[in-house]
Amino acid sequence: MAAERAAILRLEGLEKRFGGVVAADRLSLSLRAGEVLGVVGPNGAGKSTLFNLICGSIPADAGSVLLEGRDISRLAAHRRARLGISRTWQHVRLFPSLSVLDNLVMSGQSYPGESLLAALFRPPALRRAMAQMTRAAEAALEAVGMSHRAGHRVAELSYGQQKLVGLARALMNEGPVLLLDEPLAGVDPRNQITMRAIIDREAARGRAVCVIEHNIGVLRELAARMVFMFAGRAEAEGPPAAILGDPRLRRIYFGGTA
Amino acid sequence: MGNAPRITRRTLGGLALGAAALAAPARLARAQQPPLRFGVLLPMTGRAAFFGNDQIAATSWALERINAAGGVAGRRLEMVTIDSQADPQTGINGATRLATVDRVPLFFVSWSAVVNAVAPVANRERVLQISSGATAPGIARLGEYVFTMYPLADVEGIAAATWHVRSMNRRRAGVLYINNESGIDGARVYRDAFQAAGGQVVAYEAYDPRATDFTGVLLRLRTANPDILWIQGDVPEIPALVSQARRLGLNQTVATTSIGQNNRVLEQLGPAAEGLLVTSLAPGPQDRPAVGAYIEEWRRRESRQPNGLPFTQYFYDAAFVAASLFGWTLQRNLPPSGENMRRALVEHGPFDLPLTGELRIDVAEGRHTVRKPVYVLQVRDGAFRPHATIGV
Amino acid sequence: MEYVLTILALIVLWTILSASFNLVIGFAGLLIVAQPLFYGIGAYATAAAAMFLGVPVPLAPLLGILAALLASIVLSVPCVRVSGDYLLIASIGFLLAGLQVIRNTESIGGAGGLAHIPALFEGPNRTLWFLLVSGAFAAATLWLVRWLVSGDFGRAVVAMRDDEEALAGLGRDVLRIKVFLVAVSAGCAGLAGGLYALHFQFVSPDQFELLHAAMMLACVIVGGIGSTLGPPVGAAIVIALPQLITMLEMPPAVMAAIQGMLFTGLVIAFLFLRPQGLFGSAAAVGGSRVEAK
Ligand SMILES: Nc1ncnc2c1ncn2[C@@H]1O[C@H](COP(=O)(O)OP(=O)(O)OP(=O)(O)O)[C@@H](O)[C@H]1O
Ligand SMILES: [Mg+2]
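Chains as they are written, first to last, in the numbering used here: chain A, -4 to 253; chain B, 365 to 756; chain C, 748 to 1040.
Derived by calculation from the structure, the hints in this document are not laboratory data.
Quick reminder that beta carbons are idealized off the backbone N, C-alpha and C, glycines included.
Among these hints, one or two may not hold up.
[Said to hold, decoys possible] Pair ranges (Cβ atoms, derived):
#1 Glu137(A) with Ala1016(C): 56 to 62 Å
#2 Ser830(C) with Ala219(A): 39 to 45 Å
#3 Leu879(C) with Ala432(B): 46 to 52 Å
#4 Thr753(B) with Met1008(C): 31 to 37 Å
[Unchecked claim] A few chain A residues facing chain C, derived, Cβ under 10 Å:
#5 Ala72
#6 Phe90
#7 Phe225
Construct the entire structure; sequences and hints are all you get.
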């Protein structure tokens, strides 16, 4: 079973400090194909920072990120995304000036909008790609049950709906790695069911999915493996039952939030 | 009822026509002698306004005097002032307005950048442009309609260098110049003239426009051991330069341009200013009594000295140049157009002006310059005293 | 008439300048204020091409555009990585350094400026012709800006202004968008500079100072940050107002106060009373990002 689930993403000794705060401390982890990895830990443990280091929004002080064996630590964020690292943000971060559908299109991997020549000449191949991407975006919205909101502005959506759109936007990138930062927080129970179904489905398709969640009840059902983070360290790693049963970690977790 | 307003309006119209008819003879009578007008394009607002406004005041006092004495052939002489802000683009707009809206045939202008910028307007619109306070050498070649009555940069440097060699018997000059356009050009003129007169330039050192410490260049200068120091600089750093030179034991005669003729230099240097030689491009009260009366007029009207005294002298005299040019065209029954103003200037010959003396404008094609005597002043007992006059 | 045409010509040139400045500062949200330098480089390169390189006068502005474009790349490639205040400081430094180079290059007139530049049009109707030609270029610039900020490219620009980090995280090359926008903007400014040089026939470093960035900013803010129709109106007000004020007969002291405060006053008044400018939509001013959190 372990042999079948190859490590797609490997982190080796990642370190990051913000002034005196250690947000990542010799972090080494791997994400495997077809697996949902849960990340838990108290506020400020460095969970979101972990995602930022993987996708390159912030540079690591030390350590490396390997995607399918290739060191991508030096690549800019957009290059990593194009290699197939897709993510959502804890605070969603949709583009408020764009419609819901255009938010999704922005994540389409063949979107050529920033290319000089494409912007100037709009060749037919580009038009076809754009049409195709619009169809893909419509499908992704359909999957999260948000088709009826395609033309709306982001501000007209509830927070839970924005989270769904954020997930759909991440799904536009069909690469091997999917990073979800607190996807369930603020989402009503009915939509939580939709989300969980999608997460299960994406893992079943062979993607490596990593989910940060404070909703531990849901996470233990989703994830086969969990990492407990504290003060930038991966404090413990293992099956959910083992992590959640450890009284020391429980103390850190609830002590940390108090 | 409905007709009433129409009738009223018609009546009013008739009244207006009648009034116009009545007024016409009066207007006609004045139209026979409309005032003669020339333009003045100077910074009235902005960073250079404190110079520009004093220059305008000088011109307006000269106009008072001319008009009190009957104007030009019985006609009033007036000026149209426009603010250039010492900014090239604002100057272009102003010159265009003078030439095409106010339709003056002649205007006076100052500030090298503005003089340069408005020259195409003058040439195109065939309006005579006279620079009365700019020194950039390129002004000599700005085109058919552009002249200067203020000596350009080379006049001062050549006169001073030649005089240092011939009259002061100096043989080894040390030249110190500010590293900007006027500094580079001015230093070159002085160096070439000093060598042409038979002297030797033993040191030639530049300093940064923002420098405050000059030890490095001064030490190199001391090693070269010149017998005269020529500073081609700007007002702010001259006191520092001179005092640092003295402290480093450079006791040679220090000479500089008309820039140095500034009360700030005296105040900041105190006794260290004694012996400093400066040149001036306009005569002082000792050279011309009228200048003394003029300075007295400033004290009476404004209770102060004008900012940039020599420049205001030229602007005072600008009104007299305008009067002469208008007079020349009227005498020959020529309409005072820009073309005729230019002709007047070219054919007029020397002007005798109250505050700056004789003015001979060199009208050779492609080299519109002016030769003026250069006055040398020396600091003695804490004041600039006349020292010598270097003839043309 | 000539005077009015001259002022109109300036308004048209400043429409090009402020529309292209708006592209960078309004649409892309980049605090790059080196626009006067790109304008100046365009003017100098055009003048030099026509005077010293024997390029036919009507083609000379092409060199101006090219030079301004290249200069913008020299600034933007190393600098657009940083953002906000640093970008502002870096671009001011670039502007000052560029002007310093011009001041010290004697072959193009140095600090005293470059005179005797040939004219694009001669004859009695030269300003009218110039107005028509530069008006056409101004219309083209407005159209170009509008076209760039709508459509596929425009959507990426809008998203970048909303949330640059998120956009990069989705796989869009934010750096490239910025460099491209700055280059287009500089190219337009270079064109305006070229036209300027060939009409007014004299250029000097004083005409491209930081002060002129403040004037362009006033055009953009008065017209409306991030609006496509604002620039001509902003330019008209900023260019014509000082001229109208000089027509009022006022004592120099009052005039000095008014002229000195004009641009700052306009900017402050608009920022407080009508931050979206005359033509902008309130949404374009930014701040709507908060709602998404
Ligand atoms: N860009 C940044 N600059 C400075 N400090 C930061 C930055 N990002 C994160 N930090 C700090 O790093 C630490 C870890 O933050 P991070 O957001 O990764 O925590 P988290 O585990 O995601 O917490 P939460 O559960 O509240 O989302 C915190 O102390 C945070 O203040
Ligand atoms: Mg977090």
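Each hint tested on the structure:
Evaluation of the 56 to 62 Å hint for Glu137(A) and Ala1016(C) yields a failure: the beta carbon distance comes to about 50 Å. In this structure the hint that Ser830(C) and Ala219(A) lie 39 to 45 Å apart at CB holds, the actual value being about 41 Å. Distance hint for Leu879(C) and Ala432(B): a CB-CB separation of about 50 Å, consistent with the stated range 46 to 52 Å. The hint said 31 to 37 Å for the Cβ distance between Thr753(B) and Met1008(C), and at roughly 47 Å that hint is violated.
Look at Ala72(A): its Cβ gets to within about 4 Å of chain C, closer than 10 Å, so that hint holds up. Because the beta carbon of Phe90(A) sits about 4 Å from the nearest beta carbon in chain C, less than 10 Å, this interface hint is met. Interface restraint check: Phe225(A) against chain C, minimum CB-CB distance 25 Å, threshold 10 Å, status violated.
The structure fails hints 1, 4, 7 (numbered hints given earlier, in ascending order).
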